[in-house]
Amino acid sequence: MRKIAVVDIDNTLWDFASVLFEEISRLNPLMPPPDRWICWDFWKEYVTPKDFFNLINKIHFRQDAFGVFPDARDFLQELKACNFHIIIASHREEESKQATLNWLLKHSLPFDELHLSLDKTVLFSCCNIVIDDSPHILERAHKMNIIATGIEFPWNRDNGFKLFNSLTEIKEFVKFSLSRL
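Just so we're on the same page, this note's numbering is the position in the sequence shown counted from 1, plus 4.
Treat the hints loosely; a few may be bogus.
As the list claims (entries may be wrong) - Here are the simulated DSSO-like cross-link-like pairs (lysine-lysine), alpha carbons at most 27 Å apart as the crow flies:
#1 Lys110 x Lys62
#2 Lys7 x Lys101
#3 Lys166 x Lys7
#4 Lys84 x Lys101
#5 Lys101 x Lys54
#6 Lys179 x Lys84
#7 Lys62 x Lys101
#8 Lys179 x Lys101
#9 Lys62 x Lys84
#10 Lys179 x Lys7
#11 Lys7 x Lys84
#12 Lys147 x Lys179
#13 Lys166 x Lys147
#14 Lys166 x Lys84
#15 Lys179 x Lys48
#16 Lys166 x Lys62
#17 Lys54 x Lys84
#18 Lys179 x Lys166
What the hints assert, rightly or not - Across the chosen pairs, the derived CB separations fall in these ranges:
#19 Lys48 x Asn87: 23 to 29 Å
#20 Asp19 x Lys179: 21 to 27 Å
#21 Asn58 x Leu105: 20 to 26 Å
#22 Ser121 x Cys43: 29 to 35 Å
#23 Gln102 x Asp19: 28 to 34 Å
#24 Val126 x Lys84: 20 to 26 Å
#25 Arg30 x Cys86: 39 to 45 Å
#26 Asp19 x His140: 16 to 22 Å
#27 Asp39 x Cys86: 31 to 37 Å
#28 Arg6 x His140: 23 to 29 Å
#29 Glu49 x Glu26: 17 to 23 Å
#30 Pro74 x Arg161: 17 to 23 Å
Since the hints were made in silico from the structure, they are not lab data. Think of the CB as a built atom: it goes at the ideal place given N, C-alpha and C, for glycine as much as any other residue.
Full structure from sequences and hints, please.
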């Protein structure tokens, strides 16, 4: 049986929060820094939904201008070495696919599929592990008995998930968890 890993992009393979903070701060200088974003909807009292989603799309459309976390490539290579089929999945507009693909290739990030949609949970019926920063995504995966983990941030801590400080730490957790698959 093929093992499948669903891996998020933003705040999983790169530091999206810092870039988003810069963009929102231009609209509202009262925006607190990411280390104070203690809930998923942190932005609602600082910008309108329209402005928020426009900023996110703006960032996604210029994705290839940004770097990756230092251990992103090694993490994905280890998943490949463990015979995972890697689906890079992100809550993005389909129109940002080329910029996203360019970014993945520019940084030599190994993957098998790229899934951009407003609902990546459609992939969960056939996967073994989900790596994401969203507490909602992790909760949904956990409820489906899928190994769910990610990098710890203020908005996802204290939700009952095994979270880590880096992809390197997640890599070790995945290796340990493979004995359970």
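Check each numbered hint from earlier against the structure, then list the numbers of those it violates in ascending order. Violated hints: 8, 9, 15, 16, 17, 19, 22, 23; rest satisfied.
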